[in-house]
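*Asks:* Sequence:
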Amino acid sequence: MRNKPLMALAALVVAALACALPGGDGSLFKDDFSRESDDWGTGDDGTGSVAYEDGNLVFRIHEEDQFYWTTAEEDLENIHIEVTVRNTGEATDAGFGVLCQHVDDQNFYYLGIGSDQLYVIAKIEDDDFQVISGEDQWSFSDDLALNADSYRIGADCGNGALTLYVDGVEIASVEDDTFTRGNIGLFAVTAQDPDTEIHFDDLVVTKLEN
Numbered sequence: 001m002r003n004k005p006l007m008a009l010a011a012l013v014v015a016a017l018a019c020a021l022p023g024g025d026g027s028l029f030k031d032d033f034s035r036e037s038d039d040w041g042t043g044d045d046g047t048g049s050v051a052y053e054d055g056n057l058v059f060r061i062h063e064e065d066q067f068y069w070t071t072a073e074e075d076l077e078n079i080h081i082e083v084t085v086r087n088t089g090e091a092t093d094a095g096f097g098v099l100c101q102h103v104d105d106q107n108f109y110y111l112g113i114g115s116d117q118l119y120v121i122a123k124i125e126d127d128d129f130q131v132i133s134g135e136d137q138w139s140f141s142d143d144l145a146l147n148a149d150s151y152r153i154g155a156d157c158g159n160g161a162l163t164l165y166v167d168g169v170e171i172a173s174v175e176d177d178t179f180t181r182g183n184i185g186l187f188a189v190t191a192q193d194p195d196t197e198i199h200f201d202d203l204v205v206t207k208l209e210n
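Heads up: the sequence shown is residues 1 to 210, going by this note's numbering.
Treat the hints as calculated values from the structure; they're not laboratory data.
Source: prediction; values computed, not measured.
Hints are supplied without guarantee of correctness; some may be wrong.
Stated by the list, open to error - Across the chosen pairs, the derived CB separations fall in these ranges:
1) E90 - D54: 18 to 24 Å
2) A145 - D195: 19 to 25 Å
3) D44 - E90: 15 to 21 Å
4) R35 - F140: 35 to 41 Å
5) N147 - N210: 34 to 40 Å
6) D193 - D44: 19 to 25 Å
7) N147 - D32: 23 to 29 Å
8) R181 - I132: 17 to 23 Å
9) E175 - E36: 37 to 43 Å
10) D177 - A51: 33 to 39 Å
11) D136 - D177: 17 to 23 Å
12) H62 - E175: 36 to 42 Å
Every residue gets a Cβ at the ideal spot worked out from N, C-alpha and C, and that includes glycine.
Required output: the full structure, derived from the provided sequences and hints.
*Replies:* Structure representation (structure tokens):
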């Protein structure tokens, strides 16, 4: 089983001013990516891209050891994020998930998994990358399905803790209060296999109870 990098060698960072409105169901922010808008940054640098396609936000990465993310400028605290993710590319060791408490491009958390049953909760502080859910590497979990058609990734970010869920099951939780509020985001990362394609859909952000 190959480990994913803590930080990729290069990254396309795209951000935009979000304009999606809170949902009538009590959500703080939601997006089914059915329309192209300025809610999320999109772009293509030749090595990787982020684009709206067929009702999804799609990441494509064509080289190994790359980390790409996009953010929506929603300054939030104490939140729960959920998003449906599909790994449709040839890379079996790609990782994908959510960003939260994104203060700027050198300070944020990310929580994610791979189709190879690995997961991570990590912190980037002053551009220093640190895995806080394991011993400086992505960890294995029997609770993650191998090569599933899709995953419903959830994350609690707030109240001094970070918790990762997949398909309603808690995978890992850590205490950390370095960042207390910030933007939300999505990410994809490659390890040794290039040709990654990750589809995100049906994102919902709700408020955590204190």
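*Asks:* If a hint holds in the structure, say so; if it does not, say that too.
*Replies:* Hints versus structure:
1. E90 - D54: 18 to 24 Å: holds, 19 Å
2. A145 - D195: 19 to 25 Å: holds, 22 Å
3. D44 - E90: 15 to 21 Å: 19 Å Cβ-Cβ, so the 15 to 21 Å window holds.
4. R35 - F140: 35 to 41 Å: Roughly 38 Å apart at Cβ, these two residues keep to the hinted range, so it holds.
5. N147 - N210: 34 to 40 Å: Check passed, 38 Å falls within 34 to 40 Å.
6. D193 - D44: 19 to 25 Å: holds, 20 Å
7. N147 - D32: 23 to 29 Å: holds, 25 Å
8. R181 - I132: 17 to 23 Å: holds, 18 Å
9. E175 - E36: 37 to 43 Å: Taking Cβ atoms as reference, E175 and E36 lie about 39 Å apart, which means the hint holds.
10. D177 - A51: 33 to 39 Å: holds, 35 Å
11. D136 - D177: 17 to 23 Å: holds, 21 Å
12. H62 - E175: 36 to 42 Å: Holds - the Cβ-Cβ distance for H62 and E175, about 37 Å, lies within 36 to 42 Å.
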